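The lines below spell out each chain.
Number of protein chains: 2
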Amino acid sequence: MPELAQRFSSNPLISPKDVRPSAPGLEVECVLNPGVFRYNGQTGLVLRVAERPPETERAIKVPVLNPAAPDGIEILSFAKDDPELDLSDPRLFSYQGRTYLTTVSHLRLAWSDNGTDFAIDERATLTGEGPLESFGIEDCRVSAVADEYVLTYAAVSPHGVGVNMIRTSDWKQFQREGMIFAPENKNTAVFEETIGGRYWAFHRPSNVNFKGNHIWVASSPDLTHWGGHACIAMVRPGQWDETRMGAAAAPVRTEHGWLALYHGADRHNRYCLGALLLDYGDPTRVLARSTDPIMEPTASYEREGFFGGVVFANGHVLDGDTLTIYYGAADTVVCGASFSVREILASLGR
Amino acid sequence: MPELAQRFSSNPLISPKDVRPSAPGLEVECVLNPGVFRYNGQTGLVLRVAERPPETERAIKVPVLNPAAPDGIEILSFAKDDPELDLSDPRLFSYQGRTYLTTVSHLRLAWSDNGTDFAIDERATLTGEGPLESFGIEDCRVSAVADEYVLTYAAVSPHGVGVNMIRTSDWKQFQREGMIFAPENKNTAVFEETIGGRYWAFHRPSNVNFKGNHIWVASSPDLTHWGGHACIAMVRPGQWDETRMGAAAAPVRTEHGWLALYHGADRHNRYCLGALLLDYGDPTRVLARSTDPIMEPTASYEREGFFGGVVFANGHVLDGDTLTIYYGAADTVVCGASFSVREILASLGR
Numbered sequence: 001m002p003e004l005a006q007r008f009s010s011n012p013l014i015s016p017k018d019v020r021p022s023a024p025g026l027e028v029e030c031v032l033n034p035g036v037f038r039y040n041g042q043t044g045l046v047l048r049v050a051e052r053p054p055e056t057e058r059a060i061k062v063p064v065l066n067p068a069a070p071d072g073i074e075i076l077s078f079a080k081d082d083p084e085l086d087l088s089d090p091r092l093f094s095y096q097g098r099t100y101l102t103t104v105s106h107l108r109l110a111w112s113d114n115g116t117d118f119a120i121d122e123r124a125t126l127t128g129e130g131p132l133e134s135f136g137i138e139d140c141r142v143s144a145v146a147d148e149y150v151l152t153y154a155a156v157s158p159h160g161v162g163v164n165m166i167r168t169s170d171w172k173q174f175q176r177e178g179m180i181f182a183p184e185n186k187n188t189a190v191f192e193e194t195i196g197g198r199y200w201a202f203h204r205p206s207n208v209n210f211k212g213n214h215i216w217v218a219s220s221p222d223l224t225h226w227g228g229h230a231c232i233a234m235v236r237p238g239q240w241d242e243t244r245m246g247a248a249a250a251p252v253r254t255e256h257g258w259l260a261l262y263h264g265a266d267r268h269n270r271y272c273l274g275a276l277l278l279d280y281g282d283p284t285r286v287l288a289r290s291t292d293p294i295m296e297p298t299a300s301y302e303r304e305g306f307f308g309g310v311v312f313a314n315g316h317v318l319d320g321d322t323l324t325i326y327y328g329a330a331d332t333v334v335c336g337a338s339f340s341v342r343e344i345l346a347s348l349g350r
Numbered sequence: 001m002p003e004l005a006q007r008f009s010s011n012p013l014i015s016p017k018d019v020r021p022s023a024p025g026l027e028v029e030c031v032l033n034p035g036v037f038r039y040n041g042q043t044g045l046v047l048r049v050a051e052r053p054p055e056t057e058r059a060i061k062v063p064v065l066n067p068a069a070p071d072g073i074e075i076l077s078f079a080k081d082d083p084e085l086d087l088s089d090p091r092l093f094s095y096q097g098r099t100y101l102t103t104v105s106h107l108r109l110a111w112s113d114n115g116t117d118f119a120i121d122e123r124a125t126l127t128g129e130g131p132l133e134s135f136g137i138e139d140c141r142v143s144a145v146a147d148e149y150v151l152t153y154a155a156v157s158p159h160g161v162g163v164n165m166i167r168t169s170d171w172k173q174f175q176r177e178g179m180i181f182a183p184e185n186k187n188t189a190v191f192e193e194t195i196g197g198r199y200w201a202f203h204r205p206s207n208v209n210f211k212g213n214h215i216w217v218a219s220s221p222d223l224t225h226w227g228g229h230a231c232i233a234m235v236r237p238g239q240w241d242e243t244r245m246g247a248a249a250a251p252v253r254t255e256h257g258w259l260a261l262y263h264g265a266d267r268h269n270r271y272c273l274g275a276l277l278l279d280y281g282d283p284t285r286v287l288a289r290s291t292d293p294i295m296e297p298t299a300s301y302e303r304e305g306f307f308g309g310v311v312f313a314n315g316h317v318l319d320g321d322t323l324t325i326y327y328g329a330a331d332t333v334v335c336g337a338s339f340s341v342r343e344i345l346a347s348l349g350r
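In the order they appear, the protein sequences are chains V and S. The working numbering puts the first residue of the first sequence at 1, with every later residue one more than the last. The working numbering puts the first residue of the second sequence at 1, with every later residue one more than the last.
Since the hints were derived computationally from the structure, they do not count as laboratory data. Hints are supplied without guarantee of correctness; some may be wrong.
The list treats identical chains as interchangeable, and a pair is accepted whether it falls inside one copy or across any two copies.
Below 27 Å or equal to it, Euclidean Cα-Cα: the simulated DSSO-like pairs (lysine-lysine) are [said to hold, decoys possible]:
(1) K211 / K80
(2) K61 / K211
(3) K61 / K17
Treat the numbers as computed from the prediction; the structure is a model and nothing was measured.
Work the whole structure out from these sequences, hints included.
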């Protein structure tokens, strides 16, 4: 099947060199996985900016948020020739039974009038706060709910990876709502409309004994307390989404139901995009699911980078039939691509 | 330090032979981990009854709940000499990338006038229902909240292990509230009083990359939707609670704060009991924690059985200074023991 994604010719749109480090002594390693929204006629991105101190010849250095340290960041150092250090995954490693990230991420705003050229804020907009965010905050989804924006993102710490929420109406004042989904959870996006008088969200808990990282929905009376968890889509052994999957963003309303993009990864950590169609009145009912990906990591900037073979979308804007995603490529840069909603629905047999 | 537990001389109180199977063709393998409550002057237990079909010489048989099957249970069969079968853990095994439990559990009521002699219902009181409980329901906690009882238990299925809730006021009519904590989660107990106008609960999410099975609290406006997750106690490397821990039941109000018993396990899956003391007005604040266990698996019926080396309490009743636990021993039988609350507090330095 031909891919449905039309990539921007100017990709990548944003690279690490375009982003000013948040503190002296840090380098921007990756800029990736933006939340996407519209505000005052502009397209806004909530970039994930991943930083670390420069490695030396002999040591890898790891940043950890610590309010008591200068600039709020404490630097841990590990000798590269230490036999207890396994650096086979560029994203994280274990040492003496503890796991560390190689980078610490914060969230930063970028703005565009034309959807292609982005002005990136000079400073971090949101950084990790408190014990549940000491390894950083990542992969923010933005939903426009009533008259405000609801941000849901991965909060990373030695306590695990959970989902925290922040609310804003003006992108200047931010209200922190704490953790809404306990570890191990990620990939949470709040629906932009209520259904049956309740708020709904996609989320993605991880299993231990029973393995699998499946997509669930939950509902809420107030956005901050969630229940009624239901698993709606499971990974498919032997297919492109065999090990993990997660919703991209709030679903889009279509005449056939809620259309949701999702990422799926295989055992080689190759990340593609697919789509789910959900019943309009009951989002626990899956009406259709992509057999083949609607987008695969085929461009050079998707195949090679900090973590190659990845297209990962956690935000999009809709304009008529055109759904434009801003996505992380190879966990390194931010790119753009557009889809026809009609073509995605056709690929789902609708 | 001397153990604080006074075991009942008549232990074990309930053994598998005392429990009638829930369906023809099943054997009761274990009766364990009861929720505990008082109702109409009686002590009630919500037993976990774990059943399976008899093994044959050549096959292990695994029960899975399936409404379409006779008696609602489908029997899967695996050849014991299949090299893909790893039976080193008596509780579960993997086959061709999928995990199965060796038994399926239901919940069953038992009643006592004197707290020692229990009459066990002839039939299953609550069995797994729906896709999130197809591998059974386990380890129920019971909390008396306002004028009803709130039951929280592990819901096990190929989707993972989460926490479901059931409410009852008369132990005859049961209201199912679905899943309140998504996988991977267990060991949830609702506090019996509100604090700051909200309900509170202990829960125990599990991590993947960052490992560790720590105790968290969450709060709720309505018992069925939860948020404000906070990690209050982490496993302690090298100690008796180094790999996993979980709250026993709703905490007990004392003059020094909320007293909560918990189980802790080490790398050898040896399960002991300890205690936490929490701030009365802010249960996210831990005031004290056991250095040594207050109870260890030392009796013969705790050391040997289906899964030896286990004392696991998920329910107790308080009478003056006496806290009586009914606990699972070696994952096989139900036993009783009592503690002095004053002695537990003294062991915590209070």
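A quick look at each hint next to the structure:
In this assembly of identical chains, K211 and K80 lie within 27 Å of each other by CA distance solely across copies; the values are 23 Å between and 32 Å within a copy. Taking CA atoms no more than 27 Å apart as the test, K61 paired with K211 passes between copies only; the shortest distance there is 22 Å, against 32 Å inside one copy. Taking the closest pair of Cα atoms, K61 and K17 come within 27 Å of each other only inside a single copy of the chain (20 Å); across copies the shortest separation is 59 Å, beyond that limit.
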